[in-house]
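Chains as they are written, first to last, in UniProt numbering: chain A, 1 to 1212; chain B, 1 to 319.
None of these hints come from the bench; they were simulated from the model.
Small disclaimer: the values here were computed from a predicted structure and weren't measured.
List of simulated lysine-lysine pairs, DSSO-like, C-alpha gap at most 27 Å:
| # | chain 1 | residue 1 | chain 2 | residue 2 |
| --- | --- | --- | --- | --- |
| 1 | A | Lys856 | A | Lys814 |
| 2 | B | Lys199 | B | Lys126 |
| 3 | A | Lys328 | B | Lys81 |
| 4 | A | Lys653 | A | Lys612 |
| 5 | B | Lys274 | A | Lys328 |
| 6 | B | Lys316 | A | Lys1154 |
| 7 | A | Lys169 | A | Lys221 |
| 8 | A | Lys1154 | B | Lys28 |
| 9 | A | Lys141 | A | Lys166 |
| 10 | A | Lys328 | B | Lys126 |
| 11 | A | Lys350 | B | Lys126 |
| 12 | A | Lys1157 | B | Lys316 |
| 13 | A | Lys136 | A | Lys146 |
| 14 | A | Lys136 | A | Lys122 |
| 15 | B | Lys28 | A | Lys1157 |
| 16 | A | Lys504 | A | Lys515 |
| 17 | A | Lys169 | A | Lys576 |
What follows is a set of in silico ranges between Cβ atoms, one per label pair, in the way DEER data are often shown:
| # | chain 1 | residue 1 | chain 2 | residue 2 | range |
| --- | --- | --- | --- | --- | --- |
| 18 | B | Leu18 | A | Lys146 | 51 to 59 Å |
| 19 | B | Ile221 | A | Leu1016 | 45 to 53 Å |
| 20 | A | Ile321 | B | Val65 | 32 to 40 Å |
| 21 | B | Ser89 | A | Phe329 | 30 to 38 Å |
| 22 | B | Val65 | A | Tyr1155 | 50 to 58 Å |
| 23 | B | Lys99 | A | Pro1113 | 27 to 35 Å |
| 24 | A | Phe329 | B | Lys28 | 56 to 64 Å |
| 25 | A | Asp343 | B | Tyr103 | 49 to 57 Å |
| 26 | A | Ile321 | B | Ser143 | 28 to 36 Å |
With the Cβ distance kept under 8 Å, some of the chain A side facing chain B (calculated, not the full set):
| # | residue |
| --- | --- |
| 27 | Phe946 |
| 28 | Gln952 |
| 29 | Ile1028 |
| 30 | Phe1035 |
| 31 | Arg1036 |
| 32 | Ala1042 |
| 33 | Leu1047 |
| 34 | His1069 |
| 35 | Glu1109 |
| 36 | Ala1127 |
| 37 | Cys1137 |
Each residue gets a CB set at the ideal place from its N, CA and C atoms; glycine is no exception.
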Amino acid sequence: MARGRIRARLRRSHLYTFSCLRPSAAEEGPHSIEGPGYSRIVHCNQPLMHNKKPFKYRSNYISTTKYNFVTFLPKALYEQFHRVANLYFLGTAIISVTPLSPFSAVSMIAPLAFVVGLSMAKEALEDWRRFMQDMKVNTRKVKVHKEDGIFGNKTWQKVQVGDVVKVEKDQFFPADLLLLSSSYEDGICYVETMNLDGETNLKVKRALEVTLSLDEDEAFKNFTGTITCEDPNPSLYTFVGNFEYDRQVYALDPSQILLRDSKLRNTTFVYGIAIFAGHDSKVMQNATKSPSKRSRIERKMDYIIYVLFSLLLMISLISSIGFAVKTKFYMPDWWYLQPQHTDDYYNPEKPVLSGVSHLVTALVLYGYLIPISLYVSIEVVKVLQASFINQDIQMYDEETGNPAQARTSNLNEELGQVDTILSDKTGTLTCNQMDFLKCSIAGTAYGVCSSEVELAAAQQMAIDLEDQDAERSTGSRQKGKQQEIELETVVTSRDEKDHKSPIKGFSFEDSRIMKGNWLREPNADVIMLFFRILAICHTAIPELNEETGSYTYEAESPDEGAFLVAAREFGFEFFKRTQSGVFVRERYSVAGQPIDREFKILNMLEFTSKRKRMTVIVRDEDGQILLLCKGADSIIFDRLSKNGRLYEEDTNKHLNEYGEAGLRTLALAYRKLEESEYSAWNNEFQKAKTSIGADRETLLENVAEMMERDLILIGATAVEDKLQKGVPQCIDKLAQAGLKIWVLTGDKMETAINIGYACSLLRQGMKQICITANSSDAKEVVKENILMQITNASQMIKLENDPHAAFALIIDGKTLAYALEDDMKQQFLGLAVDCASVICCRVSPKQKALVTRLVKEGTGKTTLAIGDGANDVGMIQEADIGVGISGVEGMQAVMASDFSVAQFRFLERLLVVHGHWCYKRIAQMVCYFFYKNIAFGLTLFYFEAFTGFSGQSVYDDWYMLLFNVVLTSLPVISLGVFEQDVSSEVCLQFPALYQQGPRNLFFDWYRILGWMGNGLYSSLIIFFLNIIIFYDQAFRSGGQTADMAALGTTMFTCIIWALNCQIALTMSHFTWIQHLFIWGSIGTWYLFLFVYGMLSPTISGNAYQILVEALAPAPIYWSATLLVTVACNLPYMAHICFQRCFHPMDHHIIQEIKYYKKDVEDQRMWSRERSKARQKTKIGFTARVDAKIRQLRGKLQRKHTSLEMHSPVTPS
Amino acid sequence: MTNTDRERHRERETAFYLFTQQRLPACKPVLTPAWVITIFLFTGFIFIPVGLVTLRASRSVVEIVERYDTECVPEPFRIDKVSYVQDDSIPKNCSLSLKVRKYMKAPIYIYYQLDNYYQNHRRYVKSRSDRQLLHGWKYHATSSCQPVEFNNNQPIVPCGLIAWSLFNDTFTFIRERAELKVNRKNIAWKSDRDHKFGKTVYPFNFQNGTLIGGGKLNPRIPLSDQEDLIVWMRTSALPSFRKLYGRIEEDLDADDVVVVHLMNNYNTYGFGGKKKLVLSTSSWLGGKNDFLGLACVFVGSSSVILAIVFMLLHLKSRR
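Throw the hints in and build the complete structure from the sequences for me.
Next up, the structure:
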């Protein structure tokens, strides 16, 4: 391939006027580097020297794992017993080996070991995954100088400080490198730093003059040098160091440093020396430990555990006091206990001692109040829920092959409680791919394709109108009207498939100017100039694709690429760039033959964010000097000459239309220059260019400004920053679900606003509050100014009477820096919360995190951050839930995230379906858990009161052991894994249902206490009904009375039945799995009892053959079970029946509609319910389309009235 | 349809696919008013008859309860009953006469009932050795029997507090001068006799210590035949309990008078426990147990009431 051969000998630095200016060597000497913080010495090309003392630099091996083989056990155990509940169970396990324990040791230790073991296994698995990820990075290959100018492949982890590394195009840098030379003659290279700061435009780095000769493998044969520089630090934008080469010392600055994890672009290769490796590299120094996040429910669960602990402590105290009293006053009389032969546990003489030791026993005995299996069950459930998320085919991206992934499973339910979404823009909402879509030349708009925004809006409108029609009309009329609507929308909603352009970056369609037809347009000369500007005014490099014979372009920004592709398609193919000229092949000329034209580039004033325009001054083949300029419309319009405003009005109108359609616009203008005028200016410009000093840049800008005036406007371009698939729809649904969406972007304000329009976060008629700061003023003045703006805006919102009025807050990074300061952030937050949408532009990664923290802490609500780049890592880690976009290069965001999805649109399903389900599942499951353990644990307490508080349990040890682990665990797990209040389709149709999560309807204290009360009630019923029934009478026709084993077993049977019926009542979705688990648990109990009874009596004790011989033949056993089960569940049953019928919740109504199949039979009712359930939103399509619908409806109304006059209709 | 399409289609149909997509066919019961009313009425119609039937069974049981712990202490000793009962030199026999109010059909079960007796105390419950009961004194690991494990350095069989405190009042029943035949066999669970108490295990060194608890055992009868012991060793759940003593295998007519000769040996006076003698017939349900029936009727009728209330409310505010 001949790729890149053309430009290899280019001195690209000549293209750049403003950035990347070389300070001349004389200007600055080497940095004086001494003292602490500057101790690093790197011997170039002698990596082995760094293995010895005093260097011992870190290798390039990276590890982000939490544990290693040695530390795993102690560390993981520590983590486990960090939890109060686990610590408590450890205590009980220790006690269980002493005689104080009311149970056998195994029944205490086994569940604990199981629970802790399972959690640790999960930890180990997660760490293993991290390890594998690290290994993937560590084993990437890179070319490293071996010996005698020979380069060979090495894995990244083997790269050492001092190694000479050769990085090729589109590879990542393995370590922080000092750039020595590149494939370009002047040592320039392009770097994409998306992984570091999220910026998509390429950065230019350049090598020192002295090392430019080192541009081939052989040159490194005898290369040596020494770098003295700063110690490893996390600052990405600074670097101080000296480079000693050939007995000369040169100063180094950040523009020679290539950072690890950034990527080489548009450059065939570079040579560099590794300075910082592995964890010393700047990006790794920046990495913060990802904080461990816990969900709201889990945090609240801690409080419940504390409540239960207090309950436990209280009843333990009661029982130990009772025991002490009984022991002191009554036990001496109980001769059958031989009170004279006492030990400390039963000592009437020392009741306090006995009481205290009994307290320990009681704490163990009532441990069943604290559900030991709660944590492990929740972990199991969450892992399964996470695997459902991972497996969801509807969140699988077929293009990239990436499924959604729950990377940490402990936040599943938090997905159901999100209040605010903070989203990155580039790569998250947009694909970062530009499509040339429309243009306006000489006041005429060209381009018939619609932007996605227009398409989607039109479709939505058509659907909504149909709905509304259906309500008001009968079938025959409907048809006619639909046609009307179709007519309205046909212009814009033409099917995408027919017009899908195969050319990347070009979706333009208009026969008037395509295929050379522009020649026949009235303003052909202006159109030609327009295309020439597109083809000439840029900094890109063409590349011949030898397979297809066409050219592709390597441009700094995707916009520029789109322009060049457009120019090519229009017949102005840019094919060659030399040091001083641009060559364009014009296919459709007046002559009819393709002509190659050369334009001599005299000056290039490139695009900077401050200038917002780009200008080239060229001399065409006729010797005419032209100034061609493209830039932001406001900038260009300010610089037009009097006679250059011919098309201003029309162009401006088109620009507004494009803006509304969500397109990025640029205005194009030119100016003809006289030779003398140019040379005079050029002299001044050259002078400014060679001037030395800090104000050189200002000087240059001023000179450039002088030339860029008196322009003649010729038109404007509209480029679509392609939104990712389904983004507007997703945002609309999320808005309907009541979520607030903030966009935080590093991009320019204009771009951000455009995207805001494109995703319907902004719309016409929305009041935009722009808060900006004038940077030139003193800090206090600026702050005061910002505060004024904020308070004014807040006032305005307060005074607004129109309920439909929507406000949008737009703020840039510089202003945000002030607004985030402590004394102002509350006001800022207050304003932001009042606004329907918030867009922060030009924000740094740190500010993203700060904004996230402000929202999280300021509002106390759950925040979700979504992003794709390394610049979003801070935000992702800071938010309650971090979501990374996978599938793009660079995994930082995904690595830091809790969930990853391939595209933004999957967020809808992740939140509205999985989040909603998981929240309800976990909430119900936790509530049920507490219910079940209270219901069971309290029966132990009641019974103890009947045993003189001696700590005897009525149940066999084995029953208790199995209770949590086997007999009641699977149904509750199935509740947590499979429960669905409504199906996923319904969730998506009724996004408003999601609000149940943020409003926390299923895990508020009212509900929790209700469940606890239910547990208390059940325990009372179970215990007292049983003991009264089995009090003293024979329970069989054979005259036998019930002993402790019979009573205990019956009671336990009742518990199993009551608890499992309760969970069945709680569920609303039964697959065979739930049936199996619930009824299987009951069956398992009988099976266990049967098998246990068959074992040798030395094992089963009093339970020997209890079912077969004693209980099963007794009718009273079965009738008591039935009675207790029904009595336990009757109040709950009544409660849910009454609630459902008289105070139904949203999902109840939907379930009922579904149940009656109303949605199929009665489409109208269904859609009415759907639109009713829509959250009133101010952002999103729905809100946006509303206005248009009203307008259209008015039109239709008029037509109706005329129709109705002709044909009388029965009122519907 | 191409092959791969069809394959994919088939894959979509598989249960596993449906499982991973959480789309398994499910039954989604919804508590609609009709269902609610049906369920409540159904519950009511199950429980009320069941309750009535059990109540009837319970009412058919005839029961005579006679407290004798105070009566059977002669007047002079009633100040200090404990020393009376502990004094071996005083004869403990005592007579009661019970009047049969209603016809009692054989078998008539004889129970003794103790109140305020903590047979469920943890110290008491633990103090036994199931292995020793099965294998005899060869089994040594009997530390659970503390404090009744050894006497004179010899193991006690059966060891432990439960056995040591064996109930030892005895009853004989006389009707019209003829002794009623009392069957004292088969009063314990068969599984206990066959598998938990050794057929070759004989009492050894039992009640030989300084502290004498309850009854003594005939050292020549194996434990598996000592049914009183077996019944006693089944510790009761509550501090008030009845245990089976034997069966009268003759019918008793109404107005019969049964005279009970009993040996009032067992000490319940120390802790103020009551002793009662109970004669009771049994139904298919067991003993006299009105509560079960009443509770069933209560649950049944409340669910019927709920159904009615619900129906009325539903009619009033139809959604």
